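Trainee: Residue-level listing of the chains:
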Amino acid sequence: TQLLEQSPQFLSIQEGENLTVYCNSSSVFSSLQWYRQEPGEGPVLLVTVVTGGEVKKLKRLTFQFGDARKDSSLHITAAQPGDTGLYLCAGFGSARQLTFGSGTQLTVLP
Amino acid sequence: NAGVMQNPRHLVRRRGQEARLRCSPMKGHSHVYWYRQLPEEGLKFMVYLQKENIIDESGMPKERFSAEFPKEGPSILRIQQVVRGDSAAYFCASSPWQGEGEQYFGPGTRLTVT
Chain A
77 TQLLEQSPQF
87 LSIQEGENLT
97 VYCNSSSVFS
107 SLQWYRQEPG
117 EGPVLLVTVV
127 TGGEVKKLKR
137 LTFQFGDARK
147 DSSLHITAAQ
157 PGDTGLYLCA
167 GFGSARQLTF
177 GSGTQLTVLP
Chain B
136 NAGVMQNPRH
146 LVRRRGQEAR
156 LRCSPMKGHS
166 HVYWYRQLPE
176 EGLKFMVYLQ
186 KENIIDESGM
196 PKERFSAEFP
206 KEGPSILRIQ
216 QVVRGDSAAY
226 FCASSPWQGE
236 GEQYFGPGTR
246 LTVT
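Chains as they are written, first to last, in the working numbering: chain A, 77 to 186; chain B, 136 to 249.
If you are wondering where the hints come from, they were derived from the structure by calculation, not from laboratory data.
Please note: incorrect hints may appear among the correct ones.
To spell it out: a stretch of chain B is covered by chain A in this simulated footprint if at least three of its residues, at any positions, have a beta carbon under 8 Å from a beta carbon of chain A; those stretches are [what the hints assert, rightly or not]:
(1) 179-187
(2) 190-196
(3) 225-236
(4) 240-247
If you anchor each label on the Cβ, the simulated ranges turn out as follows [what the hints assert, rightly or not]:
(5) A:L134 <-> B:V218: 38 to 48 Å
(6) A:L79 <-> B:R219: 24 to 34 Å
(7) A:L79 <-> B:D191: 16 to 26 Å
(8) A:H151 <-> B:E176: 16 to 26 Å
Only a predicted model underlies this, so the values are computations on that prediction, with no experimental measurement involved.
C-beta atoms are modelled at their ideal positions from N, C-alpha and C, and glycine is treated no differently.
Next up, chain A with everything else stripped away, as it sits in the complex:
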């Protein structure tokens, strides 16, 4: 079974601060996705990374895929209250199933 571990599980910061969320596995994933989920809603895809070492930027969000395609990180610059939500990483592995991490609950305080 391929597992994705996210850290931290909970993160509460002040508006304007920077933060990084990590997603780690002992398994190789052919691609990895990051989702954001708000209360009472389904996850919404933010980005897909495919190539080892790939870096993608989406406004204040920077996503990186590890060289060995076993880990990924999400960095948010100058966080805003609107960034509050549950951030989930998910990867396609050998079973061609989407495996989700346990999530990082981010709260950005004004």
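Please build the complex by placing chain B on the supplied structure of chain A, with the hints as guidance.
Mentor: This is chain B only, laid out in the frame that chain A set:
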């Protein structure tokens, strides 16, 4: 273009009853996935279906759970004789292609078993 629709949004069942969760994929999408999310956990894959076919049900509990995606109508996730441990949010996702593309998620059905 309407998104993935799920109904009901909230469902309360007593132990031993049956729960039927419905999912209408986005227009033009023929691939449907069901996931379960327990409180403060990520989503767990349950089953992957195409029209009239179950492609991968490796995440489905062996008993009481079944899924279908008929030629016409929504996909149905059926849970027979529900137990308290079945209480969770059940999400459906759809995609227009097979493989590692984007899956579009519905808003989920929150099942509470009393």
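Trainee: Each of the hints needs a verdict: does it hold here or not?
Mentor: Against the structure, the hints come out as follows:
1. 179-187: It holds, with 3 qualifying residues against the three required.
2. 190-196: holds (count 3)
3. 225-236: holds (count 4)
4. 240-247: Three-residue rule met by the stretch 240-247 of chain B, so holds; n is 4.
5. A:L134 <-> B:V218: 38 to 48 Å: holds, 41 Å
6. A:L79 <-> B:R219: 24 to 34 Å: holds, 26 Å
7. A:L79 <-> B:D191: 16 to 26 Å: holds, 18 Å
8. A:H151 <-> B:E176: 16 to 26 Å: holds, 24 Å
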